[in-house]
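Enquirer: Residues per chain are reported as follows:
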Amino acid sequence: MDQIPILKLGDFLLVTIQVELHDQLAMTLQDDLTQKLSRTHAKGVLIDISALEIVDSFIGRSLAQIAGIARVMDATTVLVGMRPAVAITLVELGMPLKGIRTALNVDKGMKLLRNAQEEDGFDEPAFEGDPPLAP
Amino acid sequence: MLEWATRLAFGVVDRTKFVTAASELGRNALVHGRGGSMLICEVSEGAKTGLRLVFTDSGPGIADIQRAMKDGFSTANSMGLGLGGAQRLVNEFNIASAPGAGTTVTVTQWKRR
Chain W
24 MDQIPILKLG DFLLVTIQVE LHDQLAMTLQ DDLTQKLSRT HAKGVLIDIS
74 ALEIVDSFIG RSLAQIAGIA RVMDATTVLV GMRPAVAITL VELGMPLKGI
124 RTALNVDKGM KLLRNAQEED GFDEPAFEGD PPLAP
Chain A
992 MLEWATRLAF GVVDRTKFVT AASELGRNAL VHGRGGSMLI CEVSEGAKTG
1042 LRLVFTDSGP GIADIQRAMK DGFSTANSMG LGLGGAQRLV NEFNIASAPG
1092 AGTTVTVTQW KRR
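Heads up: the sequence lines are chains W and A, in that order. For the first sequence, my numbering begins at 24 and goes up steadily by one. For the second sequence, my numbering begins at 992 and goes up steadily by one.
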């Protein structure tokens, strides 16, 4: 069965969708990415859809869901490379993908993810249990 | 279909809209109409040329078409953008349905001159 590769690049996961995304593939990607987020503790997900000629409401919804899942798993998602005709079509369709951050290309997307990570601040210190009670 | 639209020299935006609309309608026929058929044909009207798609299913049909066309109306736990969304993406949209009689949706995209 087809699978979309998910690459780990530093603190981020990189997903380049090179084939037309059919329903089953979108579901598989959602599962795989969730697993990988949990395993790698990645802070950002970059999804490159520059190869996609068609994004219908099902695929749009899958992408929005992926971003939503990533958010609750403490990662930011950036969708990059959307073709102009796809952008026009999605907005007219009534699916402006409001919940997802976007960037024009991979470079800008990576920059956005790094900024988001810095804004997030330094790593929180590990929780080491309650301070000992005063005797 | 993408190839067909390309051959007719549709612009990239019209082509993308049309194929996306077809995807929405195909999904509708599959999810709500228990599958059906799609007919594709080239049409011309005077000097205009275009593509027409006819989606036919023999599902339960739609009782309230106006309501089904509204965004957000969904019986399948989806976003309910199918019919209304598809209508916005094409030049001509026609739907005929009745309870128990299945649904036929006809859409046409004309080539811009």
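None of these hints come from the bench; they were simulated from the model. For every residue, glycine included, the Cβ atom is placed at its ideal position computed from N, Cα and C. Treat each hint with caution, since some may be false.
Stated by the list, open to error - Some chain W residues close to chain A (C-beta under 10 Å, calculated; not the full set):
#	residue
1	29
2	30
3	77
4	107
5	108
6	109
7	113
8	121
9	141
Enquirer: Taking the earlier hints as the rules, which of them does this structure contradict?
Expert: Violated hints: 1, 2, 8, 9; rest satisfied.
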